[in-house]
Amino acid sequence: MSVVVVLIGFSILVAAGFLLAFLWAVRSGQYDDDVSPSVRILFDNESDKPNDSSVNQNNV
Amino acid sequence: MADCVHCGQECGKNPVIYDQKPFCCNGCSMVYQILSEKKLNRYYEMMPTPGIRLDAESGAGTRYAYLDNDDIRNKLLDFSDGGISRINLFIPAIHCSSCIWLLENLNTLHPGIMHSHVNFVRKEVSITFHDAEISLRQLMELLHAIHYIPDISYDTTKKDSHQKANRRMIMKIGVAGFAFGNIMLVSAPDYFPGNETIDRLMAGTFGIVSFILALPVITYCSSDFFLSAWKSLRKRVINIDLPLSIGILALFLESSYEIFSGSGTGYMDSLAGLLFFMLIGRWYQGRTYQSLSFDRDYRSYFPIAVTLLREGTEVFVPLQDVRPGDLILVRNGELIPVDSVMIEGEGSIDYSFVTGESLPVSKKTGDFVYAGGKQTGAAIKLQVVKEVAQSYLTQLWNEDRLGEDPGMNMQTIVNKVSHYFTLVILAVAGSAFLYWAFEDLGKAVYVFASILIVACPCALALTIPFTFGNVMRIFGRNGFYIKNTGVIENLTKADTVVFDKTGTLTHSRSMNVSWEGHSLNETEMRWIRSVARNSTHPLSVIVSDWLPAGEDIVVESYREIPGMGISGMTEGHNVMLGSRKFIAGSESPEDSRVSSVYISIDHKLKGYFKLENSYRKGLEEVIAGFDGFSKHMISGDNDSERSNLIKVFGTGDALHFNQSPVDKLNFVNDLTNRGRKVIMIGDGLNDAGALIKADIGITIADDIYHFSPACDAILKSSEFGRLYRFVSFAKKSVSVVYVSYTISFLYNIIGLSFAVQGLLSPVFAAVLMPLSSISVVAFASLAVSLLARKKGLSVSA
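One line per chain: the protein sequences are A and B, in this order.
Using this note's numbering, the first residue of the first sequence is number 1, and each one after it goes up by one.
Using this note's numbering, the first residue of the second sequence is number 61, and each one after it goes up by one.
Here chain A stands alone, though its shape is the one from the complex:
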């Protein structure tokens, strides 16, 4: 049963890793603006959008 002690140590180590990742995320400003990232992810890149409405019309 005493292996539990070791396991607890590991689990806390893993959790601490996530805590550090969280702290890093906050410090790097990821929590400053909670609106634009959700919108930004839906923007297409300029390079991979040849399907302009004008091009579509040509195809038809």
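Source of the hints: derived by calculation from the structure; they are not laboratory data.
Using N, Cα and C, we set each Cβ at its ideal position, and we do this for glycine too.
Warning: the hint list may mix true and false statements.
[Unchecked claim] Restraint ranges, calculated between C-beta atoms of paired labels, are given here:
id : chain 1 : residue 1 : chain 2 : residue 2 : range
1  : B       : 553       : A       : 21        : 26 to 36 Å
2  : A       : 18        : B       : 317       : 47 to 57 Å
3  : A       : 16        : B       : 257       : 26 to 36 Å
4  : B       : 293       : A       : 2         : 22 to 32 Å
[As the list claims (entries may be wrong)] Here chain A is said to cover these stretches of chain B; the calculated rule only asks that three of the stretch's residues, wherever they fall, bring their Cβ under 8 Å from a Cβ of chain A:
id : region
5  : 172-186
6  : 232-245
7  : 257-268
8  : 821-829
Add chain B to chain A, keeping to what the hints say.
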């Protein structure tokens, strides 16, 4: 009738057509043109009509010329090195995902822009650009051209500190949550029966682990509570943080003692959980409107640079370097930054931000001009009379801003309650200690500690953040934005309300129009409207809107004489609109407060349009709603409106006319000195002093992101009719606070009855404390939402 593709406003009778699409004005179609040339049409696909309309159709002109001055430029830039610069700009117009998309694709519009990044919450965009390819001035002009006009000021430090505080808070919540979860994990054996069988090695390790995890909680996460308790103690006041700190310390010390003496497992899980909830409460309360500014000082209103005439050449100097005697040039649309005397030009000065009066005041050479107005029309030359900080209005504004720290000495509900609460708890703990001390000293210490632990008023402390935090959110959804939750408590105590007249009780943009003179036939009306349509002067716009709609006729030889009027030829007839002097040749003898537009057709005087301020919708309801308040109206105008206002207010005693800005300030000051709790509702800079002096200063604004004087709350002008509902909602929400207090006291009494008997166990604490907090939070949130619905305020976005 079609809506403008750019801004979504109705195009009117004569839409501007470009690319077979209708636009309401040339400005909007210009933006469309710029964007479609660069293949940025997606701007219009992402959201329907995302654009911003500019009311004054004016290009940037030389408005940003001062940015070529290196001193000013360097002060504004965040960073500049090796030909690359970065600037952070506040753009109030940012409002949708299309805005984000366009502003982050600025590099398509100009190759000199390397990168741009939008912070939507703060309505800011940070732009990195090559100095050699695009100057700061050109960058501003580009933004201006697409109608994203940046609000340029030095004053960004306050927002930064808010952001830092917010980050710190989130990190503390993260650490407390981490400790909470993991301590719960190692304390789990305590929660189940049979935990006596766990071997000593494990029990000891669990204890040590939870102690180590609790260390950051007590040193890092709780620091704010300790600090605040210490500060209040030094001021000899007991605030809520004092009993909280006592509870936290008692929890930590008792648990550490139990862990290291091996006598028990301690309450570290309760400690971490409590801090976690408390921090969330603080964070929720502190979530205010980051993009609104409530305490702007005069510097953010005035431009940061002015055009100085030095030996015939124009130079740009920072505003604070302007000295009495200097000659300055003020162009169309620019603010008059300092009290001065008119030297040259025709002044037509829009003081709407100062007085709320929408019509421009005309000034002649030699006239004294107060700072704060906006010149409309051709450029004027002025000689500076006073230092910037000594100008009439700026002085008023800055008065008594120092040394006031609201909230600190304010006797809030929670502080009053916690004062008695702390004393009672200490008394109970003390007598229980004495009682047990005769039997068993160790047990007595334990009982003393457990009373302090269980009495820790976390539910009490969470009540206000969640109740008032919710009230604030609901206010915001309904167009009433308050600075912080303290304002709600002030609102509940208010017993006096003071209104400004012009721009507050009256509309600043719309007017009542009536025609005096020979009656006009339809053709004449069409002529007048066609001529008036050519001018952007507010009076012309009002007149042309008031006249019946119809087909427009081409106007020939149109002329506009600033400060006088306009004239033009339609269908061979000469039509003139303007001041009495322009039309009839003599100054108007009557009261100058009532604006009139004289009309002549073929040089024959036809009559005049009388324009009066119209009262806001819902005025009667608002005044009637403030029943039981002592009501006042205070105005800088003369008493021509007295009879109308008596009908609304019911008495003439409450009406005060011909009051200067200083009179207004003194009036409010008098009231507060007599112990009244005053709500002041105003709009312009002439109310700035009174707004600061009042217990609650509310500013009415058409555009909430636009400049407003320092105040406690900003009310969207369209919501004016609901003002009283907001106040009564705030008053009702206090009863939610009292009920929540009762609930949390009940939990405390249950906990205490166990603690005084020496029966408090860690499991019991671990269940009771979160339970009380959660039930109070749930009750407060639900009750506030129900209350808001009952008051007819919308709860969800």
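| query | With a Cβ-Cβ cutoff of 8 Å, does the region 232-245 of chain B contain at least three residues near chain A? | reply | holds (count 6)
| Does 26 to 36 Å hold as the CB distance between residue 553(B) and residue 21(A), or does it fail? | violated, 46 Å
| message | Given a hint of 47 to 57 Å, does the C-beta separation of residue 18(A) and residue 317(B) actually sit inside it? | response | violated, 31 Å
| message | Count the residues of the region 257-268 of chain B whose Cβ falls closer than 8 Å to any Cβ of chain A, and tell me whether that reaches three. | response | n = 5 at 8 Å, threshold three: holds.
| field | Beta-carbon spacing of residue 293(B) to residue 2(A) - inside the hinted bounds 22 to 32 Å or not | value | violated, 47 Å
| task | Examine the region 172-186 of chain B: at least three residues should have C-beta closer than 8 Å to a C-beta of chain A. | result | holds (count 5)
| Within 8 Å of chain A (C-beta), three or more residues of the region 821-829 of chain B | Answer violated; 0 residues pass the 8 Å Cβ test.
| Okay, residue 16(A) versus residue 257(B) on CB: inside 26 to 36 Å? | Distance hint for residue 16(A), residue 257(B) holds at roughly 30 Å.
In summary, the structure is inconsistent with hints 1, 2, 4 and 8 from the numbered list given earlier, while agreeing with the others.
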